[in-house]
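Let's have the full structure, built from the sequences with the hints guiding it.
As a plain string of letters, each chain reads:
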Amino acid sequence: MNITGIVRSKLFIIALLITLIAVIPGEVLASSQDPDQEGNFVVIGQLLDEQDQPVEEAVVTAVTQDGEQIVAETESLEDGTWRLLLIEVPSGEMQITIEHPRFNPQIVSLKVEELNDLDNIGLYRVGEIILNRDINAGFWAATLIFLGVLLLIAFEKLHSTTAALAGMSVVFIISYVGGVFDPGFFIFSFERGLSYINWEVIFLVMGMMIIVAIIEGTGIFQWMAFQAYRLSRGRNWLLILILIAITAVASALLDNFTTMLLMVPISLQIGLAVGINPLALIIPEILASNVGGISTLVGTPTNIIIGAHAKISFTDFLVNQTPGVIVALIALSAYILFHYRKEFFKESSAISPALYERLEENARLDDPQSLWKSGVVFILVIFGFILGESVHLSPAVPAIIGATALLIWLQPDVHKMIIAVDWTTLVFFMALFVVVGAIQEVGLLGLIATGMASVIGDNLPLGVFMVVFGVGTISVVVANIPLAAAMLPIVDFLTVLIPGADSKVLFYALSMGTAMGGNGTLIGGEANLVTAGITNQTSTPITFKEFLKVGLPVTYITLTIGFLWLLIKF
Amino acid sequence: MNTKILCLTRGGEGSYPNQDGAIAIAKERGQDIMFLYISNIEFLDHTAAPKVIDIETELDELGEFMLIMAQERASNAGVTAKTLVRRGFFREVLSDVIEENNFETVILGSSSGDTGIIDEDLLHEVTCEVHQKYEIEFIILFEGNILKTYQVETGAELEQEEGKDD
Chain U
1 MNITGIVRSK LFIIALLITL IAVIPGEVLA SSQDPDQEGN FVVIGQLLDE QDQPVEEAVV
61 TAVTQDGEQI VAETESLEDG TWRLLLIEVP SGEMQITIEH PRFNPQIVSL KVEELNDLDN
121 IGLYRVGEII LNRDINAGFW AATLIFLGVL LLIAFEKLHS TTAALAGMSV VFIISYVGGV
181 FDPGFFIFSF ERGLSYINWE VIFLVMGMMI IVAIIEGTGI FQWMAFQAYR LSRGRNWLLI
241 LILIAITAVA SALLDNFTTM LLMVPISLQI GLAVGINPLA LIIPEILASN VGGISTLVGT
301 PTNIIIGAHA KISFTDFLVN QTPGVIVALI ALSAYILFHY RKEFFKESSA ISPALYERLE
361 ENARLDDPQS LWKSGVVFIL VIFGFILGES VHLSPAVPAI IGATALLIWL QPDVHKMIIA
421 VDWTTLVFFM ALFVVVGAIQ EVGLLGLIAT GMASVIGDNL PLGVFMVVFG VGTISVVVAN
481 IPLAAAMLPI VDFLTVLIPG ADSKVLFYAL SMGTAMGGNG TLIGGEANLV TAGITNQTST
541 PITFKEFLKV GLPVTYITLT IGFLWLLIKF
Chain R
1001 MNTKILCLTR GGEGSYPNQD GAIAIAKERG QDIMFLYISN IEFLDHTAAP KVIDIETELD
1061 ELGEFMLIMA QERASNAGVT AKTLVRRGFF REVLSDVIEE NNFETVILGS SSGDTGIIDE
1121 DLLHEVTCEV HQKYEIEFII LFEGNILKTY QVETGAELEQ EEGKDD
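Note that the protein sequences, when read in sequence, are chains U and R.
Numbering-wise, the working numbering puts 105 at position 105 of the first sequence, and it's gapless, one number per residue.
Numbering-wise, the working numbering puts 1011 at position 11 of the second sequence, and it's gapless, one number per residue.
Please note: incorrect hints may appear among the correct ones.
[What the hints assert, rightly or not] With a Cα cut of at most 20 Å, we get these calculated EDC-like pairs of lysine to aspartate or glutamate:
1. Lys-157/U <-> Glu-1104/R
2. Lys-1004/R <-> Glu-1120/R
3. Lys-504/U <-> Asp-52/U
4. Lys-311/U <-> Asp-492/U
5. Lys-1082/R <-> Glu-357/U
6. Lys-342/U <-> Glu-1013/R
[To be verified] Derived DEER-like restraints, expressed as beta-carbon distance ranges:
7. Thr-560/U <-> Glu-1129/R: 52 to 58 Å
8. Leu-144/U <-> Glu-1056/R: 37 to 43 Å
9. Gly-375/U <-> Lys-1082/R: 37 to 43 Å
10. Asp-1054/R <-> Pro-461/U: 53 to 59 Å
11. Arg-235/U <-> Phe-1089/R: 40 to 46 Å
[Unchecked claim] Sample of chain R residues with no beta-carbon within 10 Å of chain U, all distances over it, derived:
12. Lys-1004
13. Arg-1010
14. Lys-1027
15. Phe-1043
16. Ile-1055
17. His-1124
18. Val-1130
19. Lys-1133
20. Lys-1148
It is worth saying that the hints were derived from the structure and are not from the lab.
Glycine included, C-beta positions come from ideal geometry on N, C-alpha and C.
Below you can see the structure in the form of structure tokens.
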């Protein structure tokens, strides 16, 4: 096994350990939340923050009026509810104190008359209690950690996974070590941190990784690119239009990152073969892959995160996004034909027989047998996505079943199986969810949401505009996966607040903003970076400036179309 | 083995002048030339999205294609060229290939210009290191012209004016 294989195996073990750790404390926690308490009288209530989100793990204590005797104590649950069980009703007034490291303490007094009700009925409802955030040391620590992770990723100082893991580790160090000296430093417990991991995303990504790895091995997309070259017969404008269409469709069905890994090497060869600047083919492909991926749940990593969080199905994405995406792709193609008109409308150079033979060889269908088998399973998985919606089946389930079916049918060896699953990415997602959970926990995202809500008011078009263009502009320079993850709680809040937003239009706006914004610069998206990496292997690398000249106008053209489409659709 | 000249190339339009320069040197000396393409997937370490593609094989195929183009240029100039695709880091691969073969001259492209990606200092460092270790001639080309040579006999580093062919 080579070094890469060893590293992947180790990461596989780490991922398994994290999975086990995530599951076991969940069970322990579940049992601890349901203690075998006894009491004749019950006082219940619910804790919410300023954004009406439930507050978990707050300590709720009932004390006598003089504060000397604790009558009962409990912790709020995941939905913010709490239940105090009293053996007897104290004489005189009773005070309920609520304490949480990230909120200002609050005291609720129950008067004698209210206690009489409790005494008579055995139950008293306090109702909803809104807690006010305390901007303390933990708030600043979590904010700085998140920004640090973003900067480490943006400036490539650390591998993305290492950066996210480092961020997660610092969150826990500050919580458990800093929290000892100052409770304000406590961000969240380990169990609470893990509760922020969206396992649906992890398993959907894992299932799709296996399916995609098997499909890509068949060489279907390279073959299609070669057919585009043959069909175009020297008409380079037609070649790029076909390549844009192939890239967009492939991105929607696989994902944009994988599509670019498949398309760039063969497109470089085609570009050189026909004697045009290969970047005139490759840069439009990047742009098309980022836009095309918006059409489906599995088209971009950000769509997977958004879809899993907001329960947006495969069909929902397809129906609500695709028409806008098609119009955006048409506009993109028109701009590309104009920008690269000198390349596309010049005469192609003739290719030598040896080069043609090599090109054909590199674009051959490697494994037709696997192609039809994986094609059948892939179609069934898509049907599984669609049919599963009616029974609220997570898309992760058809993906995992499809991946398993392919593994049984095609029987690749275990080593290939481990290589097929990119564990570093799965660990990245897990660690990122925890880091984003930290800024959500301390209230940073709530503050941003409140600020946005005060500007937007109940103006839904303005809300859509702000999310599409705001997120789109930030995505130009910030990695879109962490940005999408961080924006979800904010969009949650805005969706509740703005009338008409319950159609989930703001989540679609987030999907468009993150993906289309990624086209702005070379560092805007993962697909851009990997393409740049591949072109650096040749003497025609994509420079930041070259990409910017094409990418930035396309970004704002497509964002405008996406925004207008959402206005029409919703 | 008759091939005495090794030329590292990434292929593509930006490499054509240096490929032609290397071919001219081989022709002048009446020797065959071997074009070497090195792929490196370290860039994937800086991305977070799923990497499920066997990208190394894809890059190998890309490299082979690039080298066939270089081979055709050599053939058109009447020079016999062989090709070799390797994976890894520039420094290690260069040493390995030199060790496995009996090259007398190594030709590299300068990292100057729009398309250079290897840091100038690293190029100089590796060149000096390998030159001294294996005692072979190194020629650095820029846009097809000899920019610098590292001679075997004297061990001296000879800088030449850009654009002045030797």
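Verification of the supplied hints:
1. Lys-157/U <-> Glu-1104/R: Not satisfied, since the Cα-Cα distance of roughly 39 Å exceeds 20 Å.
2. Lys-1004/R <-> Glu-1120/R: With a Cα-Cα distance of about 25 Å, the restraint between Lys-1004/R and Glu-1120/R is violated, given a limit of 20 Å.
3. Lys-504/U <-> Asp-52/U: Since the Cα atoms of Lys-504/U and Asp-52/U sit roughly 18 Å apart, the hinted pair holds (cutoff 20 Å).
4. Lys-311/U <-> Asp-492/U: 12 Å, holds
5. Lys-1082/R <-> Glu-357/U: With Cα atoms ~18 Å apart, Lys-1082/R and Glu-357/U stay inside 20 Å; holds.
6. Lys-342/U <-> Glu-1013/R: With a Cα-Cα distance of about 17 Å, the restraint between Lys-342/U and Glu-1013/R holds, given a limit of 20 Å.
7. Thr-560/U <-> Glu-1129/R: 52 to 58 Å: For Thr-560/U and Glu-1129/R the Cβ distance comes to about 54 Å; the hint holds.
8. Leu-144/U <-> Glu-1056/R: 37 to 43 Å: 38 Å, holds
9. Gly-375/U <-> Lys-1082/R: 37 to 43 Å: 40 Å, holds
10. Asp-1054/R <-> Pro-461/U: 53 to 59 Å: 46 Å, violated
11. Arg-235/U <-> Phe-1089/R: 40 to 46 Å: 41 Å, holds
12. Lys-1004: The claim stands: Lys-1004/R keeps its Cβ more than 10 Å from every Cβ of chain U (closest is about 24 Å).
13. Arg-1010: It is violated; Arg-1010/R is separated from chain U by about 5 Å at its closest Cβ, not greater than 10 Å.
14. Lys-1027: 20 Å, holds
15. Phe-1043: Given that some Cβ of chain U is not farther than 10 Å from that of Phe-1043/R, nearest at about 3 Å, it is violated.
16. Ile-1055: 6 Å, violated
17. His-1124: 20 Å, holds
18. Val-1130: 21 Å, holds
19. Lys-1133: 24 Å, holds
20. Lys-1148: 19 Å, holds
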